[in-house]
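Per UniProt numbering, the sequence shown runs over residues 1 to 312.
Rather than coming from a laboratory, the hints here were simulated on the basis of the structure. In this text the structure is predicted, and so the values were computed from the model without any measurement. Ideal placement from N, C-alpha and C gives every residue a C-beta, glycine not left out. Some hints here could point you the wrong way.
To be verified - Cβ pair distances, simulated, as ranges: (1) M124 to V38: 51 to 61 Å; (2) L104 to P132: 39 to 49 Å; (3) W217 to V38: 40 to 50 Å.
Said to hold, decoys possible - Calculated cross-link-like contacts (lysine-lysine; reagent style DSS-like; alpha-carbon spacing at most 30 Å): (4) K255 to K68; (5) K245 to K305; (6) K255 to K111.
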Amino acid sequence: MSKKTKTGGVSMSRLPGNRSAKFVPYLIPGLVGLLVIVVIPFVWNIYLSFTRWRGVGPVKFVGLQNWKRLFADSTFWISFANSFWIIVAIVVIPTILGLFISSLLTDVIQKKFGGKTASFLRAMFYLPQLLPVAVAAIIMGWIFRPEDGAVNALLVKLGLGSLQHNWLGSPDSALPVLMFILVWIQLGYPIVIFMSGLQRVDPELYEAAGLDGANWWQKFRVVTLPSIIPELLVVILTATIGALKTFAPVYLLTKGGPGTATTVPSYYSYNQFFQVQQVGYGAAISTALTVVIIVFSIVFTMVQKHVEKELV
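Start from the sequences, fold in the hints, and give me the full structure.
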C-alpha cells in the first residue's frame, strides 16, 4: 500500500518544493566555499578593525580607535577622492565611448564593410581586456618610462624634446596618465556588451526611423540607447565595483604616489597591512571600502530593477 500523501489530488513527491530539495546537496560545496572564502574572512576582517596588531604576536582590542582615526585621516579621504577619478576612467569615459563605438561598428561599419570587419575591430578594442591586468600595466609602464619610454622617445623624434616628462612620477601628471591607461584597458568591455545587446534590436525600428528622415544621431538617441538600457546598467554596476576595488595598476605603476596623488582605498589598505604593519587600521580601511561597495550594489540593483520594470 502506498504511503504517499496527496494534497488536492497532487502527489507530494511531485510538488516543486520536494523536487528542488533534491538539488540541495549539490549546493553544499558552493555554500561551504562561500563561507570559507568570503564570509569568515570578512567577519575576521571586521574583528581586526577593532584591534591593534602587527601581524604577529598578541592581538589587542582597542574598540573604536581605528575608526576614529579613519574618519580623521586626510589620506583616507584623499584616496576616496582619487577613486572618483578612477570611476571616471573605468566607468564614465569607457561607457560613453563604448556606446558610440559599438553603435558605429554595428550601424555603419558592419553595413558598409561587412560583419568580419566589425568583428575584427571589436576584437582589437577588446584585446587589452584579454591581457592580465599586471601585463597590461607593465606594458604601459614601459611606454611611459621617463628615461627610455616610447612617449618621450617619440617627442624627441618629433622635435618636442622639451615636453619630455616623468609621466607617472610627477604629481601633476600621474593621475591623468593612470586614468588614460585604465581607459585603454577598460574600453573593450562596454563595446562587447553593447554590441551583443544591439544584436537583439529589431532592424525594422531603424528602417522606420530612416523613413521618417532620422539621421544617425537621432536613430542612436531614439532607437539604440533605449534598447540597450539593461546592458548599460550592467556595465555601470560591474565597472563601478571594479573601479572601487582597483589595486593592481596602482601598485605596479605608481605605488600610490607620488605622495598621495594616485592612492586609492585598496592600495592604502594594503600599505597599512603589509608595509606599515598596522593590520587593524588596514582592516578598518578595507571594511569601510567593502561597506561602500555593498551599499552601492544594493541601491543600484534596486534602481536597476525599477528601471527595467518601467521598460517592460
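Hints, one by one, checked against the model:
1. M124 to V38: 51 to 61 Å: The hinted range 51 to 61 Å is violated for M124 and V38, with Cβ atoms some 36 Å apart.
2. L104 to P132: 39 to 49 Å: Violated, at about 29 Å.
3. W217 to V38: 40 to 50 Å: holds (45 Å)
4. K255 to K68: holds (26 Å)
5. K245 to K305: Judged against 30 Å, a Cα distance of about 24 Å means the pair holds.
6. K255 to K111: Given pair K255, K111 is violated - Cα atoms ~46 Å apart, limit 30 Å.
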